[in-house]
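Given the structure of chain Y, go ahead and fit chain C onto it with the hints provided.
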Amino acid sequence: MVVTCEQVWHEISNYLDGEIVSDLRAAMDEHLRGCQKCSAVLDGTRNVMGLYGEDSMFEPPQGFSQRLHKRLEQNMPRQRGTAFGWMIAVAAALLIVGSFELSHSSAFVGPQQRSQQAQPGTGVPPEMMVVVAEDGKLFHAGAACPLIHDKAHLRKMTASQARREGYTPCVQCMKKYLNENAGLDADDDDGGEVASSGARHSR
Amino acid sequence: MPEEAISLENRADRLNEETLIRRIRDGEHELFYELIRPYERRVYSTAFAILRNEADAEDVAQEAVLKAFKHIRQFRAEARFSTWLIQITVNEARMRRRKEHVEIMQPIVDHQDDEGNYVPRDFADWREIPSETLERSEVRQKLAEALASLGQKYREVFVLRDMQHLSIEETAQALGVSTASVKTRLLRARLMLRDLLAPGLGGSWSSKLSFAKGTKPW
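Chains Y and C supply the protein sequences, listed in that same order.
The first sequence maps to residues 1 to 203 in this note's numbering.
The second sequence maps to residues 1 to 218 in this note's numbering.
Since the hints were made in silico from the structure, they are not lab data.
Possibly wrong hints are sitting among the right ones.
What the hints assert, rightly or not - These stretches of chain Y come out as covered by chain C in the derived footprint (C-beta under 8 Å, 3 or more residues):
#, region
1, 56-64
2, 169-177
As the list claims (entries may be wrong) - Think about it this way: if two alpha-carbon atoms lie no more than 25 Å apart in a straight line, the pair counts; the simulated BS3-like pairs of lysine-lysine are:
#, chain 1, residue 1, chain 2, residue 2
3, C, Lys70, Y, Lys70
4, C, Lys142, C, Lys153
5, C, Lys67, C, Lys153
6, Y, Lys176, Y, Lys156
7, C, Lys142, Y, Lys37
8, Y, Lys37, Y, Lys70
9, C, Lys70, C, Lys99
10, Y, Lys137, Y, Lys176
11, C, Lys67, Y, Lys70
Every residue, glycine too, gets a C-beta built ideally from N, C-alpha and C.
Extracted from the complex, chain C is given alone in its bound form:
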């Protein structure tokens, strides 16, 4: 689809969303189901990525959606509804984590500060992603494990920016940190995940790419 058409479509979606929000505020509460339908999965996956537990993620996702409904009047039109909803989800997930002191898995890099340079540990070549990679459940499992092993502050930034596709500014706003912090944490999160995944996904986990670590088949 041409870029212009996509932008027009987004604009139409947003206008439609504004109308829905106005009507919900005016008392047509049942339209809230329609408003959140496109974001239900995103709310869940954000909660899951932060909490790393299905039951907690579902509960927090429900709480976040309920909170969005109850506070719909506080939503400011200059923000995107999706960003606002994700922000609520992040806050709910953080609150849940604090409440339950859930830090079962020790993060691998929490002791490192944002400012220190991160040096890649692995240089395995990983040029292509086989199209069916994500369809394989063991690959999903590896991705989930790798993400779960990141420290909280890296995981949150990565989830919002690379999974929920928030802009750097929106991510900073949602997490209450500076854009500079977002950029630094994002760099670290991406490089750490690459280090964790490249040796496998670039080689042994991928049936299509049977070349050994660090070598190229071409």
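Okay, chain Y solo, but in the shape it has when bound:
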């Protein structure tokens, strides 16, 4: 195979990249040995590739790397480790608050009331000593209340304790007690509420 100068120029890039078949390569080698022009073109092209291929061809300006890292830093989300830490802290806080709320509210609600119709009288002073009958559902202002059936099994306790055990204020004696004491404690607005719940209950 014989190649012309034009063919050599046309293939010189592929020749340097090793992208030509061996027959053509051999023919080009043969041509280049005897052609000063073509060997000058080949050498020059190889030099171009070598010069521009140097890593230091276009140096970044001073501080390029620092500025790049700074920009990255500004755009990087918070690291996952830190985010996790925050999430754990928040979860723990929620758990503590939640469990506190839960225990607090369950203490407030108390156990299941012994009667479905009963209303928890909120006007009763929590430290007031009341009387409960074992078989009853109400707590009373005193043992003399006619609504106490089993007078043999009575227990004394504070109103708050009675409420915790599911007893509700007696519509008769507790209502009477609160009405009598309403005048003594004008600020006690809750008295009326107990009375009205008692009235509903009695219906």
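Chain C in isolation, oriented as in the chain Y frame:
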């Protein structure tokens, strides 16, 4: 270094890179700095070669690296990370150019099509490159000017193939053109640069080689 050792080293680098990428995807974002460190200069020089302006090149380089970070999950392991990063840089640089309509310097050969044969205009002998050539700033300047004078499509191919050392296939993929186009444009780019540089670098710009254009000292 023996070829086998280089290949082993490359393989180790690549494995290390894969590990880094996996860990970054898993949330260790700070490892991204380590991943891009070897490529920072390449990203910049690619952007510069396309945009021919330091400020734009730096801005585009930053954008490209940020984009690579944000889209690291889209990186496919079958490609090289460096190729992917350079591809992003090329796209960012092209977008910037389109946005700003930057074509201040009229390219010398954009009117020529890929298919026409390019005939060398100069046959100055340029057999050797003096070792200190690149250290001379005026030579760098000449190289930068010569590259900047090429048409965009030639410049892009040359930058990716001969400066960033992408393969012909990778260059084609990065630019969205066929491998045949890459080869044709590359031939043209190389020959044009040789025409632009050989008379000077083969003679008058080189203090070591004082022979006149077209003659040989031996």
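We went through each hint and held it up to the structure:
1. 56-64: As far as the region 56-64 of chain Y goes, the hint holds, because 7 residues have Cβ atoms under 8 Å from chain C.
2. 169-177: Result for this restraint: violated, n = 0.
3. Lys70/C - Lys70/Y: 16 Å, holds
4. Lys142/C - Lys153/C: 20 Å, holds
5. Lys67/C - Lys153/C: This hinted pair holds, its Cα atoms lying about 24 Å apart.
6. Lys176/Y - Lys156/Y: 19 Å, holds
7. Lys142/C - Lys37/Y: The hint holds at about 24 Å.
8. Lys37/Y - Lys70/Y: This hinted pair is violated, its Cα atoms lying about 52 Å apart.
9. Lys70/C - Lys99/C: At roughly 22 Å apart (the allowed maximum being 25 Å), Lys99/C and Lys70/C satisfy the hint.
10. Lys137/Y - Lys176/Y: Distance of about 18 Å is within 25 Å: holds.
11. Lys67/C - Lys70/Y: Holds, at roughly 15 Å.
Hint check: violations occur at hints 2, 8; the rest are consistent with the structure.
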